[in-house]
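Build the full structure now, drawing on both the sequences and the hints.
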Amino acid sequence: AQSVSQHNHHVILSEAASLELGCNYSYGGTVNLFWYVQYPGQHLQLLLKYFSGDPLVKGIKGFEAEFIKSKFSFNLRKPSVQWSDTAEYFCAVNAGYSSASKIIFGSGTRLSIRP
Amino acid sequence: GAVVSQHPSRVICKSGTSVKIECRSLDFQATTMFWYRQFPKQSLMLMATSNEGSKATYEQGVEKDKFLINHASLTLSTLTVTSAHPEDSSFYICSASSGGVGELFFGEGSRLTVL
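So the protein lines, in turn, are chains A and B.
In terms of the working numbering, the first sequence opens at residue 1 and continues consecutively.
In terms of the working numbering, the second sequence opens at residue 1001 and continues consecutively.
By construction, these hints were calculated from the structure, which means they are not laboratory data.
Check the hints yourself; a few may be wrong.
What the hints assert, rightly or not - In the EDC-like style, the derived pairs of lysine to aspartate or glutamate whose C-alpha atoms are separated by at most 20 Å in a straight line are:
(1) 61(A) to 15(A)
(2) 61(A) to 1103(B)
(3) 1041(B) to 85(A)
Pasting the structure below:
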């Protein structure tokens, strides 16, 4: 069965600091990987996704993530965070090739940015 | 972008009653919808996968007779919590796929409180 681990439950940074949120998954086959973000009081929305090709994926709002197959990891990074990045971040994985393939979420990392 | 709407956003009910939550895709047809449950400060737990015109597929440990899912059309899925009890109090979130692999669009969520 697939599973996703996010190591940091709560990360507190100052504005302009660099960010890296860890994500590891367990699944032996080909996977699709995602980072979703949930801003306070809003829906979950997609930050970025990896299906194949270049393992360094760029998403919205300056975020990027790197897929390292040998480490089963898909860490999220941003060189310089802003106060508006305060949110809950979820790593997710699915192992299918159709729209019916379910997505499994990690436990989430709450990011708090100090102004 | 694609919009998914859930209704009601909040519902309070007495123990033993049933509650129905609707999930609609407003500007696209969703062949597959997913129902998640989110406990405070925890991740989204997939409850079931709902396919239009067929029975839902429930995750292990989710009681299908307790959480009735109906996906009668390409734009509407409903989750009915039958004979609700206080332990069913939670945040229920639906998501829908427009056909693209892995990218989900999320509803606003419905907070159920069972007294």
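**Prompt:** Checked against the structure, which of the hints given earlier come out wrong?
**Reply:** No numbers; nothing is violated.
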